[in-house]
Amino acid sequence: MRKRSQRLWLIGAAVVLVGGAIALASVALKDTVAFFYAPTDLIEKNVIAEGKSVRVGGLVEVGSESHNSEGVLVFRITDNRNTVPVLFDGIPPDLFKEGQGVVAEGKFDAEGRLVAKRVLAKHDENYMPKEVKDALCKKSPASCAGDNYGSAKEPAS
Amino acid sequence: MIAELGHLLAFLALATAASQSVLGLTTGGEAVRRLAVATGMFTLLSMLTLVISFVTLDFSVALVARNSHSLKPIIYRIAGAWGNHEGSMLLWCLIMSGYGAAGALFMRGDRLRDRALGVQGLLTTASLVYLLIASSPFIRLDNPPLDGGGMNPLLQDPAVALHPPFLYTGYVGMSFVFSIAAAGLINGKIDREWAGRVRPWALTAWSALTIGITLGAIWAYYELGWGGWWFWDPVENASFMPWLVGAALVHSLILTEKRGSMAAWTVFLAVLAFCLSLLGTFLVRSGVMTSVHAFATDPERGIILLIGLALTGGMALALYAWRAPKLMAGPEFDPVSREGALILNNLFLSVGAALVLVGTVTPMFAQALNISLSIGEPYFQLTFAPMMAVLLLFMPLAQASTWRRTDLAPLLKRFWPAAVLAVVVAIGAVVISGKSAWVIPGVLVGVWVVAGVAMDLAKRVGPGGIGRVFRLPLTVWGMAIAHIGMGLFVIGATTEAAARTERTFPMHQGEQAEMAGWTFRFDGVSSAEGPNYLTTRADITVTHDGRTEVIHPEKRYYPVAGSGTTEAAIRKTPGGDVYVVLGDPIREEPGVWRIRIAHHPLIDWVFGGAGLIAIGGFMALAARLRRRAPATEQQPAIEPSASGEATAAAGAPA
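Here the protein sequences come in this chain order: A and B. One point on numbering: in the numbering used here, the residue at position 114 of the first sequence is 817, and numbering is uninterrupted. One point on numbering: in the numbering used here, the residue at position 527 of the second sequence is 940, and numbering is uninterrupted.
Looking at chain B on its own, in the form it has when it is part of the complex (with noise of 0.2 Å):
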């Protein structure tokens, strides 16, 4: 029964979908308003009736029987839910629609909310028609199983669980961007209220996007048992191509909403991360490239996919086209000033991502001439790395320049003890460590970076006590934190690839390795049971420093699903991870182990760094809405006049 009220939900959220996307861009009102909040309850109730078939473990459910088990515990039975192509594209549609009630609710209402709406309930009527007709998730079964098939071991962990929420807020949170964008092009109207009006939302969107990817992360990390965190891997780019465009937008949108300067290339942005994250989509799920975390790929759903993308792109840049040649250039400014170092930004960052694009779609287009290539780890190291890194040389002096004009001897010379810091680290992080020459350039951008908006932050409190650092505003606490976690994200991630250490010991019982100052004597291994898998666990003891402790990399089998995964046994140090996996026995010398230890010198920066980026776009996002009310104000709505209800829903919940 249950399975059923979620269809027939999934239903009803079509249709009211569908009228909104008509009222929307026709009549607009407050009936568009109040289609686009049922549009999104309806698809949450339709989403909670899919957990509860997951939990309650509704084997007569297709997508159930397929991918849960009654032994399964039960977080892993609600992350089921969408750990799946249907019901991963059911919560493609919930947040999607989602975002739409959250403009119904939070926006003003006026033609921008109306039409943006209505761009949202188009796009969320496709979506709700693909669900429907080519990946239901409610599809029942003649002859239910007794027990399921199990889920995926290695999903089953609590980042990747937690992953799949957080990335689509962030790119699919990018259509609502896309949608006040089309909306403003229809408009007409691409000026400062427009960008004020898109940038809370491309913040959420944004930031979100921001702990996706970090979880995603983390979860490689430590579950795929090699250690590494980031792969360069298409599926990745996939979801770094709209955070790098989506980046490039959130500071694009200040220059426009605070100079009126460069509207029609924030708009350009604001329309090309959804693209981007249509493409991503493509990538990820059509199989048309080889990927170590490709999942639920079909080409079918690729072909659909990229009708939709053209579809969508096609009709946005018909609409750019038509309108952009009448935006509003805004005032003039002198390239070194602060309007030159956000363009200087967008430049960098959109360049980036095209690099990223380029050697993600290569071996694509190569496979269609019936080559097959791989782009790997070197070519982004060669090119987007330098990039990047030129780009945060910039990044101290771009924070503390001017609007209109800046002189840039005065803010070299304030700047110079950074610059020797990080001179002095970046030498000083080869000599003492004795590792490979390669972390200068990442540890000298990144120390330059951090001490840098340090040293801004500090001019910007002024003497005169710690009181005074309460009083800066928010919008300079996100922007420092989002910097400096960049700058710890720079110096981890580089000296992590430079200064990493692993090695892979043949050892029977008893014998001990070494590394990193640890010392590990391998005491044999032990079976023992869990929940829905068996386990083979070593115990090896770990001396340092004379403390002595015993840890256990565990090896796990997933009867169910007939496939295993690796635990590391991760330990932390000040100075980085310890981390030991225990690999296959040697058939040939019966009692043997590989086992393989490696220290990751700070891993926890890379992390850390990413997640101060993130809580650095939420403080921006918090600024901006307690700012919000004061600031429409300020700007007089130049809108006509479109409609009477200037319901003016300001007091959105900061």
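Same shape as in the complex, but just chain A (with noise of 0.2 Å):
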């Protein structure tokens, strides 16, 4: 085999599998992106609507956790103005507390909950979800003054 030929052949699969990756890529990030929203852009935004995946940060509102009759965990995720319930099959993390900040993903039922299949919280003390504390700042900048999240165990509303 030639040289010319071997090159071409060599650049010949190269973009072959370079532009089925880009496709596969485009389809998928088209399909699977969980946008991140606050519950107060939820409700603002109107994004509530069953079947829709979506990841949902803020705070446990405190009082708010308790258990329905299959044992499934109930709370509800707070940025301080609206909120949003959310039902989770499955046992929280360690971390997972009234007051502190979570991630849920998964998508809504019929009555406007979060059937979460994944709570994250925080693994580290001093670490707070990044799109939470922003999501909390931007609702109510008084919970989040000194960049410290402890204020935001008092229920605003």
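Just so you know, these hints were derived from the structure itself, not from any lab. All residues carry an ideal CB built from backbone N, CA and C; glycine is no exception.
Derived coverage of chain B by chain A (criterion: at least 3 residues anywhere in the stretch with Cβ under 8 Å from a Cβ of chain A; other residues may be distant):
1) 627 to 641
2) 758 to 770
3) 794 to 806
4) 972 to 978
5) 1005 to 1017
Pair ranges (Cβ atoms, derived):
6) A:E814 - B:L825: 54 to 60 Å
7) B:A572 - A:E801: 26 to 32 Å
8) A:G723 - B:T815: 25 to 31 Å
9) A:P788 - B:L825: 53 to 59 Å
10) B:L484 - A:V818: 39 to 45 Å
11) B:A723 - A:V750: 35 to 41 Å
12) B:R873 - A:L711: 30 to 36 Å
13) B:K671 - A:G723: 27 to 33 Å
14) A:G723 - B:A723: 29 to 35 Å
Pairs of lysine to aspartate or glutamate, EDC-like flavour, derived with a Cα cap of 20 Å:
15) A:K755 - B:E790
16) A:K810 - A:E747
17) A:K820 - A:E808
18) A:K820 - A:E773
19) A:K800 - B:E1001
20) A:K733 - B:D646
21) A:K733 - A:E808
22) B:K739 - B:D604
23) B:K671 - B:D604
24) A:K810 - B:E790
25) A:K800 - A:E768
26) A:K733 - B:E790
27) A:K820 - B:D997
28) A:K800 - B:D997
29) A:K820 - A:D792
30) B:K985 - B:E915
31) A:K748 - A:E808
32) B:K985 - B:D952
33) A:K820 - B:D646
34) A:K755 - A:D792
35) A:K820 - B:E915
36) A:K755 - A:E808
37) A:K733 - A:E753
38) A:K800 - B:E636
39) B:K985 - B:D1017
40) A:K820 - B:E790
Make the complex out of the two chains shown on their own, each in a separate frame, by following the hints.
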């Protein structure tokens, strides 16, 4: 095989593969990206619709954690202005606590509740999901004073 | 006193590293070698002083006060030394200078070595400056507290104590591969000899990275309490991208070493692997990404890391652009050949790495536009997984291919039993287990790889008795074991993902539940005290095949840290793990606890397969070290006797 055709082969294979990968990635990105919302965004932007996949972040509202008759964990995520109810049929992460930052991923059911597939709490005492912090600061600046979300423990509403 | 000594040693290391880089890049010679060894020794001693401060609980050291506690078991006091930002930066410096010292001891003394040590010295200098200025672990407190702040309880675990040293040996180790690549580019010589000299370092770093990532996955599996082992989280991807590029590199190095082909591409990968390590560190430490694992994040550090990444990558790319056009092209070959197969491997692995990169950084760029989005598992399953599945289809054929030209027809004919076996097993798996058809592609590809590689191995052994098995070269064993590990991993990972069952049961005392043929009876909870935690233990009586056993999933609370951990009770069975987690009590119904029971089929194949990949890598390394002396003789040193000292440090400890 000649040098030239050898190079053509190589370039051809690379182009096909890279093209395939780009096609695959763009389709996948379109279908699988989940946007992040704070509870207030969900309401203001009318996002809540059955079957819609989202990530919702905020604080676990104090006093909202309970279990329904099937033993499913029920709680509300708040940004201190609005709240969204969440159902989670699993064991929440160790650092899941009322008043702490949390991100829930899942789909809405017919009643507008988020049926979470995954609930993320912070791993580290000092870590707060950035989105949660931003969302809280945007919704109620008082709760993010001094870069500390400890004050958010007092429910605002 | 000991902390000041450590601080001083770090400064000494900085001085020797700086001289090492200046001398290495200019005059070279024996002094560079000595300086590199000295840098390694000084950082090692400095790390030791920090470990001593942690073990002796010297709370006047700020880092110890923040991260240790008198009740902490000894192993976690040691691990505590690197379980935080400052300590892990010192570990980073140690691994980096350690590679430099190892290079000084084991590489043949010539211009390539001197310049590689020079570049390594430069990287080490930069890291040490950052350590001493921005994140010194040796700062003292004026008023030492009586006791420390403790360590994140989730990190008090043997697997995660060993995770950073292995992970760093892996991705910080890529810095030395980078240094040899940069040295080769400065010399203008990227040839077969260069590839042969990079390969042991690339194999070391890549195999260690494999172990580091696997340890992290094992830890996530049993410690986080949700039974997952990989989440496509940015922090995981940060280590996975250098792994993928490293995998491409250890393959393309074979091509460049044996055939002299693709030299420009190989050196590009060598540079890229370390740049991705730096990018990963930036993603993990800067806090730009939302991640469940992110720790020790600080935007200011992020800026410094970003500058470091831009400088390192920019200089290397400039060097590359200057030299690459002059690199030789190597002999001709047919597209269907071992050369072609290795190139295919590289294409797939690098495109795979690019897909992971896109999935990882897209949210970051979106965030800059004030759009907050997340890209999770579905994206990677749709893009990365099929890429790798196709790559694996080629694996047995590639392994059996020959240099220059391969006849495909006889190869395909030879491997039909493996193909038939794969189809039968895949369909059988679905029919017998009654689980999702999603297992088909993974099991199909996995069985095909394992069977095909085994057939290739049998062919190489040939007829004539078991004795010949031991006469196969170590390289062949390394390759076969790593490839079989890959096959087992894929079978395990797809089966586990598709056929995992999990359910949460609210249970009161005496209540029973069933899963995967096991019966679970909840017998209530009790409280107990560990060395530095309080625990709530459940008694659950499990019955399986007439055997009865009591297992104890726990919820631990660490008063010092003010947080808790979930300790799953895991029982191994031949088909997979039974995984029981104690949840919370249900407030509305006293005495009722939520208990999650899960079955993770073939989970050991996931970790075992990954372990085999690392073992295969280390075997290839051992083979490389053993062959080392004759191999370099065969290839006459093309370097026109750069310096007289042919000290030939060939006697590496094989």
